[in-house]
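*Asks:* Chain residues, written in single-letter form:
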Amino acid sequence: MNKPFQTPIVLLGARLLSPYIMVFGWYVIFHGHYSPGGGFQGGALLAASILLMRVAGGRTVAELQIKEFATTPLAVIGVMIYFATGLVAVAMGGYFLDYGMLPIPGMEPDWLRYTGILIIEVGIGLAVMAILVMIYDNMVRGEDYG
Amino acid sequence: MIWELELIIYVFLALSAVVALEVTDMLVAVVMMTIFSFLMALLFIAMGAIDVGFTEAVIGAGVTGILFVVVVFRTSRKSND
Numbered sequence: 001m002n003k004p005f006q007t008p009i010v011l012l013g014a015r016l017l018s019p020y021i022m023v024f025g026w027y028v029i030f031h032g033h034y035s036p037g038g039g040f041q042g043g044a045l046l047a048a049s050i051l052l053m054r055v056a057g058g059r060t061v062a063e064l065q066i067k068e069f070a071t072t073p074l075a076v077i078g079v080m081i082y083f084a085t086g087l088v089a090v091a092m093g094g095y096f097l098d099y100g101m102l103p104i105p106g107m108e109p110d111w112l113r114y115t116g117i118l119i120i121e122v123g124i125g126l127a128v129m130a131i132l133v134m135i136y137d138n139m140v141r142g143e144d145y146g
Numbered sequence: 147m148i149w150e151l152e153l154i155i156y157v158f159l160a161l162s163a164v165v166a167l168e169v170t171d172m173l174v175a176v177v178m179m180t181i182f183s184f185l186m187a188l189l190f191i192a193m194g195a196i197d198v199g200f201t202e203a204v205i206g207a208g209v210t211g212i213l214f215v216v217v218v219f220r221t222s223r224k225s226n227d
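Residue numbers (my numbering), protein chains in the order written: chain A, 1 to 146; chain B, 147 to 227.
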């Protein structure tokens, strides 16, 4: 964004606050099956920390953190993780997203379900984060996109 | 929850909504909408819907505010009232 003035205080505050928001986003994703929250909320928190740095620092900081062309492949990877987990369960003879049928050896069935939910939520969080950052980038770049 | 505290939150909710509708400066309206969203999240959590309140606090008070600020800076105002 083009700003009328530059101040280092805002950038310093954003740099102080952004890593803690990101750590809390990962906490929400990884505790999604015990506590409130999950993939969508954690991904939105990750996107909020990245968008905070982008609003405070402008395009030069955005190029250092996550580049603009990297958002679409990240979203595609997240969706692929989701559907690959579901379709592997189908291929092993269960229903779609049947976590108990995942082929991970040496694991009890309840821990297998925990792990399946965790894999799904990491994929969802990655997709939500990438798409929210992509919406912001396209809105900032405006009509001369593409 | 304590009903006096809930009543105070409701009063501030209505105040922020009225201010966001009536003010002419768009940036003030965006900030008022963010405050509305955060108070709404507090009310959701007080009613027991922790998941809904969490989503409202993250999306409504965080990401949507940033996107509306971008819209305010990208557009211009023709009339000067």
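In case anyone wonders, no lab produced these hints; they're calculated from the structure. From the three backbone atoms N, C-alpha and C, an ideal C-beta is built for every residue, glycine too. Hints should not be assumed to be uniformly reliable.
Stated by the list, open to error - Quick partial rundown of chain A residues pointing at chain B, CB under 8 Å, derived from the structure:
| no. | residue |
| --- | --- |
| 1 | GLY13 |
| 2 | ALA14 |
| 3 | LEU17 |
| 4 | PRO19 |
| 5 | LEU51 |
| 6 | LEU132 |
Claimed, not checked - Here are a few chain A residues that face chain B, going by a calculated C-beta distance under 10 Å:
| no. | residue |
| --- | --- |
| 7 | VAL28 |
| 8 | LEU87 |
| 9 | VAL90 |
| 10 | VAL140 |
*Asks:* Should the interface hint for A:VAL28 be scored as holding, given a Cβ-Cβ cut-off of 10 Å against chain B?
*Replies:* Constraint on A:VAL28 satisfied, holds at 8 Å.
*Asks:* Holds or violated: is the Cβ of A:LEU132 closer than 8 Å to a Cβ in chain B?
*Replies:* Status holds, d = 6 Å.
*Asks:* Using Cβ atoms only, decide whether A:LEU17 comes closer than 8 Å to chain B, and label the hint accordingly.
*Replies:* At about 12 Å, which exceeds the 8 Å cut-off, the nearest Cβ of chain B leaves the hint on A:LEU17 violated.
*Asks:* Quick check on the hint: A:PRO19 CB to chain B CB, less than 8 Å?
*Replies:* Violated. Min distance 16 Å.
*Asks:* Have a go at the A:VAL140 hint: is there a Cβ in chain B nearer than 10 Å to its own Cβ?
*Replies:* For A:VAL140, the interface hint holds, since the closest Cβ of chain B sits about 6 Å away, which is under 10 Å.
*Asks:* So, A:ALA14 near chain B? Judge it on the closest CB pair being under 8 Å.
*Replies:* 12 Å, violated
*Asks:* Quick one, is the A:LEU51 hint okay against chain B at 8 Å, beta carbons?
*Replies:* 5 Å, holds
*Asks:* Is the shortest C-beta separation between A:GLY13 and chain B less than 8 Å?
*Replies:* 15 Å, violated
*Asks:* Does A:LEU87 hold up as a contact with chain B if the rule is Cβ-Cβ below 10 Å?
*Replies:* 28 Å, violated
*Asks:* When the nearest CB of chain B is found for A:VAL90, is that gap smaller than 10 Å?
*Replies:* Check failed: Cβ of A:VAL90 comes no nearer than 28 Å to chain B, outside 10 Å.
The earlier numbered hints that this structure contradicts are 1, 2, 3, 4, 8, 9.
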